[in-house]
Amino acid sequence: MTAAFGLPRWLRLRPTGDARTACARQRRHFAGASLVVRVYYAATLYLVAVQLPQWRPWSTAPLLVPPWPVAWIEVVGTGVGVNLVMGGTLLATLVGALAPESRPVRLAVALGLLELVALDYSFGRIGSGWTAWLWAAFLFTLLPDTRGAAGRAARQRYLSVFWAAQVMLFGSFALSGTWKLVFAAVQLGLGEVTAFAPSALARHVAQQLVYSGRDSLLGPTLIAHPLLGWLPFLAIVGLQLAALPAAFQPALHRLWAVALIAFHLATTLLLAMSFPRSILLLALLGAGSPFAPAAVRWADVARALPLVGQRPPERGAAPRAPAPIRRP
Amino acid sequence: MRSYRRLQRVLLAIFALQLGLAAVEVAVDRKGLVFPATSWALFERVPNRLTLYALRVRAIDGRGLDPPPEPRALATVLPEATSPEARATIEALGVALAGADAVAVAGARRTLEALYLAGHRVGYAIEERIYPDPFVAWQGGPPLAARTLGVFATDGARR
Numbered sequence: 447m448t449a450a451f452g453l454p455r456w457l458r459l460r461p462t463g464d465a466r467t468a469c470a471r472q473r474r475h476f477a478g479a480s481l482v483v484r485v486y487y488a489a490t491l492y493l494v495a496v497q498l499p500q501w502r503p504w505s506t507a508p509l510l511v512p513p514w515p516v517a518w519i520e521v522v523g524t525g526v527g528v529n530l531v532m533g534g535t536l537l538a539t540l541v542g543a544l545a546p547e548s549r550p551v552r553l554a555v556a557l558g559l560l561e562l563v564a565l566d567y568s569f570g571r572i573g574s575g576w577t578a579w580l581w582a583a584f585l586f587t588l589l590p591d592t593r594g595a596a597g598r599a600a601r602q603r604y605l606s607v608f609w610a611a612q613v614m615l616f617g618s619f620a621l622s623g624t625w626k627l628v629f630a631a632v633q634l635g636l637g638e639v640t641a642f643a644p645s646a647l648a649r650h651v652a653q654q655l656v657y658s659g660r661d662s663l664l665g666p667t668l669i670a671h672p673l674l675g676w677l678p679f680l681a682i683v684g685l686q687l688a689a690l691p692a693a694f695q696p697a698l699h700r701l702w703a704v705a706l707i708a709f710h711l712a713t714t715l716l717l718a719m720s721f722p723r724s725i726l727l728l729a730l731l732g733a734g735s736p737f738a739p740a741a742v743r744w745a746d747v748a749r750a751l752p753l754v755g756q757r758p759p760e761r762g763a764a765p766r767a768p769a770p771i772r773r774p
Numbered sequence: 392m393r394s395y396r397r398l399q400r401v402l403l404a405i406f407a408l409q410l411g412l413a414a415v416e417v418a419v420d421r422k423g424l425v426f427p428a429t430s431w432a433l434f435e436r437v438p439n440r441l442t443l444y445a446l447r448v449r450a451i452d453g454r455g456l457d458p459p460p461e462p463r464a465l466a467t468v469l470p471e472a473t474s475p476e477a478r479a480t481i482e483a484l485g486v487a488l489a490g491a492d493a494v495a496v497a498g499a500r501r502t503l504e505a506l507y508l509a510g511h512r513v514g515y516a517i518e519e520r521i522y523p524d525p526f527v528a529w530q531g532g533p534p535l536a537a538r539t540l541g542v543f544a545t546d547g548a549r550r
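Each protein sequence line maps, in turn, to chains U and F. At position 322 of the first sequence the residue is numbered 768 (the working numbering), and the sequence of numbers has no breaks. At position 99 of the second sequence the residue is numbered 490 (the working numbering), and the sequence of numbers has no breaks.
The shape of chain U in the complex, shown without the other chains (with noise of 0.2 Å):
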């Protein structure tokens, strides 16, 4: 409860020096926040390129099962449709890595991106790996345009909707380990095997290399002795539970960013599954995060841990409002 109750003094922010140093800080997190929203325009353009060679595959499948944001593609035909949307999104993307600046160059990329995507899921199947990155380019659209000089208001907007890209992508880890507890509860409720229990992620090993019919480097490792995944499994479902906190601490970005990515490639080797979209995403957010200190410095991450690492109530210390800053 005592957690629960301090989680609003542990989310506020606290700001720190004078009208200088926050606007220096805001300059500086500005450049850091610019350069990843380009890099991540030119890793769009690069994961377009990967799906070409499936254009023409693609553009003679006998059969489409397309979601909506491609339905349209039954009406004018496959070739063509098919055609439109790769050819559309290519264009975009190849803009959208000279010109990322530009918001209706932004907007193109996420319908172009929306369509491909779309497209990529119309095969029977509707996965998940790439939806971050497609919530991320939507999201995007929402930066303020900056073929200007930026101002300080304009900066400002700029690094909330980054942040909250930054947000939403822990979010998604945090909703996973959500789901994880609830199904736990459930499943204890039915006198089932839950997620706590040893023998958890062997479970989801075996069930899933016999659905993919494929083999892993570690799995069969893992199902002969399943005691070992079990602390790992829990840590597992904490450090997503607690990705949500992280995004708003700084100091907690880039170390929670890698967490996730070595989550990833433990998953890859065990379940013989990739995540290639969702680790770039992680470490252009996380781990390349403008707000994150310089160095690593583990004092700072220790007091920034979700529940145990809040720092100490400012006792007798009256709030101190943030130092007004004036435009330059």
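Hint data in this document are derived by calculation from the structure and do not stem from the laboratory. Computed from a prediction, not measured in an experiment: that's the story for all the values here. Where is the CB? At the ideal position from N, CA and C, for every residue including glycine. Please note that a few of the clues may not be correct.
Said to hold, decoys possible - Chain U side only, calculated, beta carbon under 7 Å to chain F, not exhaustive:
(1) Arg466
(2) Arg502
(3) Leu509
(4) Pro513
(5) Leu634
(6) Glu638
(7) His650
(8) Leu655
(9) Val656
Given chain U's structure and the hints, the job is docking chain F onto it.
Only chain F this time, still in chain U's reference frame:
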């Protein structure tokens, strides 16, 4: 500062809203993902009993296969039918057959046969197997129960 706190509250509200919507989605229809929204419910339920829907190829291009290859050996006769998309389609067909949903059966059959069995004359069955746990399934042990849900054949035409 005030706007930051407002943004925090808005984002937390959006997160709570998505959690609520996702709860509805999971409760009502686990597979009904509304693209591009997703509940992010991944590996959320620890497998206890495992129900597996398998494509059992009984004949291909006039050549009988007796016994039909096990699902893990499917790639030796029909590699196109082993992609994640094909497996998802096979599972959708199995669920539709088990639920006697004729419309869903027709849709899943059309997808499976047009995308993943095309170019061959295939006689196949969809089999439901229930294992006591995923370990038994992975080791190739005997299922608790197994039944054939439907037997079909394709004419080999590319549509």
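Numbers of the earlier hints that this structure fails to satisfy, in rising order: Numbers 1, 2 and 5, in rising order.
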